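*Asks:* Sequence:
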Amino acid sequence: MYVKRIRLENYGPISNLDIELPFADDRPKPVVLVGENGSGKSIVLSHIVNGMLEAKHVAYPGSRELDKNKVFKLRDSQYIAVGSEYYYGRVDFERNRSIEEIFLNSRKESEPNPPMEEGTPAHSLWQSVPVGNNDRYLPNFAESTTDSGRLVVADLVSANCLLYFPADRFEEPAWLNRANFLAQPSHTVRTRVMGETDRRVLVSSPLRALQDWLFSVAYDRAAFEAKTAQFPVGAPERQVHLPLWLGYEGDATKVYELALNVVKRIVQKATPVSRLGIGGRHRRNLSIMSNNNVAVPSIFQLPSGEAALLTLFLSILRDFDFREDRSVPFSSPKDVRGLVVIDEVDLHLHAKYQDEVLPKLISMFPRVQFVMTTHSPLFVLGLAKVLGEEGFGLHELPSGSPIAPEEFGEFGEAYQAFRNTTSYRSDVGRQIEAAQRPILFVEGSTDCQYLSKAASLHEKKDVLDRFDLRPSGGIGQLGKLWKPLETLSKAGTIRHMVVLLHDPESNAQRASHGKVHRLIMPKCTNHPIANGIEHLFDRRTLEMAREHKVAFINVDEGHHSTIRGVRRTVPEKWSVDPNEKTNLCNWLCENGTAEGFQHFEAIFAMLEEVLAASEATASHES
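The sequence shown: position 21 = 21 (my numbering), numbered continuously.
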């Protein structure tokens, strides 16, 4: 049962979302939802899962996963977006099945004015809300039958895998949960009652059920699918027939091989996994074997990342193995059809599993529609490598807009965090080793532009040109470089001078150690901008820039405040808008004057000082 389209209006953080899920040759492409915490990713999943549960309850009314008259997803006015009069949601599935709902802030009046545009799907459903009520819930899974009289939805559910893995789906570790560690597999007993099923949409802590299923598969394989042939031995008059082992063949064998293939892809050992092992009746645990050696004594002892992947993909195989429609073949992962929803798919996964293993496992099931949320740029990159950038859908919430992998906002955040590590400092070290002249590190790229313009205006290009001018990568990065550079200086491994030029607000002090120097930009008094290199421009120059474009600079007007009975004057504060920092730099560099850049002269004076000191030291050493 595939999802075709999702529409949400005024639901929590989501104002207007409309996602058509992608297909290629009638096969679903995986869909990944990304966005910050609170952007509505789980809200979107909840609407899909609500439809999955409704479909299952119609197909199997005797096996409800929720109590009768209870719902999976609450419908309440608290979910209406602030400032809105209603929320609306609709999920369209294949075969014209859908689930639709609307909730109003107040009860509908006898002569109401619609709170939405006429002619829209939300307006159409609003019209069906009875007067005096404030909501309408409209699933249509039970409205039509096939030619044989069977419900359409029953046909869909019986031949499809329908699973939802919430974010809290994981097992407790073996050392914490002794009951799981000692749990022995038992035969799976299936329900054979009309209108009932053992299959569940909601999946949580499934390892014990998976262990029982694998034991049943292994038992069927050994008991019913062992193949032998009679092999004649000896002279014709005294010939005897000995059984010749031919291996296993049958449905259970196919399922066992599929499960083993998944295990081999997930469990990474020095000696490759060869088979699954089942202990004797006194301790019948399910183990993972490498040749005839035990690699993992019990599946409950797997690392959390491997256990997480194992539960995902073995659960898919198990659920499809339990399908009621046995006319659907099952000899390959490509036969598995269905809808699998996973919240925070990257949880507990090492970088290698996010980037390599998980995307390859997903690619094994081309007829399964995966709808997933993630915060992992590595997982998105891995999917792009395995499936291609056009091989999956990537949507950023709360807007639901399709984006390319490199537009994923958390790429930038992850890269910024990476820069804070030793790897970043090592990269700077390599730049210093390769340098052919002194290096001047500044906070950001706009600092480079301002210094170049100031050098031109004040005829100091000869000073600046003696340096290789480089940005450090943003606020706070220079502070992380001083200690490593000081260590390199003590070791005598720095060939050319290195200067770190901090912004005026820095708490660092001017210092020198060998060929490493730390300088601080001059600080002005009574300046409206407290932070950044823009502090060096006088008020008149900044006012001219703001007259050109008011968005350049944000202004917090001066005011009075009374705290504990004491009246105080809070001075006016200016700050450069983060989204306009580069635009302001471009304007000032194009329109600035020598007078406007006058405070930069102090920087060139400091640079001339360290250059002179360096030359004096070199002359003395020679």
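Just so you know, these hints were derived from the structure itself, not from any lab. Treat each hint with caution, since some may be false.
[Unchecked claim] Below, computed lysine-lysine pairings styled on BS3-like, alpha-carbon distance capped at 30 Å: (1) K480 x K490; (2) K334 x K227; (3) K460 x K334; (4) K29 x K73.
It should be emphasised that the depicted structure is a prediction, and the values quoted were computed from it without experimental measurement.
*Asks:* Would you mind marking each hint as holding or not holding in the structure?
*Replies:* Status of the hints after comparison with the structure:
A C-alpha spacing of about 17 Å is found between K480 and K490, which places the hinted pair at or below 30 Å, so the restraint holds. A C-alpha spacing of about 26 Å is found between K334 and K227, which places the hinted pair at or below 30 Å, so the restraint holds. With a CA separation close to 69 Å, the supplied pair K460 and K334 exceeds the 30 Å bound. The suggested pairing of K29 with K73 holds, with an alpha-carbon distance near 26 Å, which does not exceed 30 Å.
Checked against the numbered hints given earlier, this structure breaks only hint 3.
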